[in-house]
Amino acid sequence: MNVIIMKKTLFALLAGISILIITSCGPKKGELLTERIQYDVTIKTPEVDLEWWIQNLEGPKREKLVQAIINSANAGKLKIYDVMTNKPMTAAELKERSTRNELLTLQRPYSPYENYDTIVKKELQLSDITRLRFLEEWYLNQDNGRITKKVIAICPLVESYTETGELRGFNPLFWLSFEKKFPLEAK
19 MNVIIMKKTL FALLAGISIL IITSCGPKKG ELLTERIQYD VTIKTPEVDL EWWIQNLEGP
79 KREKLVQAII NSANAGKLKI YDVMTNKPMT AAELKERSTR NELLTLQRPY SPYENYDTIV
139 KKELQLSDIT RLRFLEEWYL NQDNGRITKK VIAICPLVES YTETGELRGF NPLFWLSFEK
199 KFPLEAK
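Residue 205, in the numbering used here, is where the sequence shown stops; the numbers in between run on with no holes.
The set of hints was computed from the structure by calculation and includes no laboratory data.
Each residue gets a CB set at the ideal place from its N, CA and C atoms; glycine is no exception.
All the pointers check out, no bait thrown in.
Computed beta-carbon distance windows for the label pairs:
id: 1; residue 1: K168; residue 2: K82; range: 21 to 29 Å
id: 2; residue 1: R54; residue 2: S129; range: 52 to 60 Å
id: 3; residue 1: P127; residue 2: Y57; range: 39 to 47 Å
id: 4; residue 1: P106; residue 2: P127; range: 41 to 49 Å
As a list, the in silico SDA-like pairs of lysine to any residue whose alpha-carbon atoms are at most 20 Å apart:
id: 5; residue 1: K82; residue 2: W71
id: 6; residue 1: K168; residue 2: T52
id: 7; residue 1: K113; residue 2: T103
id: 8; residue 1: K139; residue 2: G183
id: 9; residue 1: K46; residue 2: D161
id: 10; residue 1: K168; residue 2: K198
id: 11; residue 1: K199; residue 2: E154
id: 12; residue 1: K47; residue 2: F152
id: 13; residue 1: K198; residue 2: N104
id: 14; residue 1: K113; residue 2: L150
id: 15; residue 1: K46; residue 2: E155
id: 16; residue 1: K105; residue 2: E154
id: 17; residue 1: K79; residue 2: R151
id: 18; residue 1: K79; residue 2: R149
id: 19; residue 1: K47; residue 2: E197
id: 20; residue 1: K62; residue 2: K79
id: 21; residue 1: K46; residue 2: R164
id: 22; residue 1: K113; residue 2: D146
Kindly produce the complete structure, drawing on both the sequences and the hints.
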């Protein structure tokens, strides 16, 4: 009888030690470095001389990522917020953001070749999104030096050009939030 109790006790002890080892060796986030950090990532590089993987996602993978972001926003699976006000956006507001009017100054093809302004309505294309803005939490595990990033929100960015075709900058479309605590209040 003592042998059976001893075997059960030994088994329980080994099981407990195994669980302790497995849970203690698992990945730890570590201490919070920052509650939020924001930065832009180019996902379609304009530089033709760089290696294909530098500031670039391959075409099909880039389109898949951008499509997933747009689909999540359109389907209402995740909350979307206005970039300037951090207020929730509706599906109608999102659709409105997906269409923009551009003012172009053109020259008439006949004499006296005067300039004129025209408005062009442009629908958002997946290929227009060439950057993503990330809002993240960062953690540092001092035991192994590992930094863990937790994505709080993503913002697609669209290139904006002047009438002469020069890159003006990048227009943010919306924040797609993965966290209930978004938007974070400024401290």
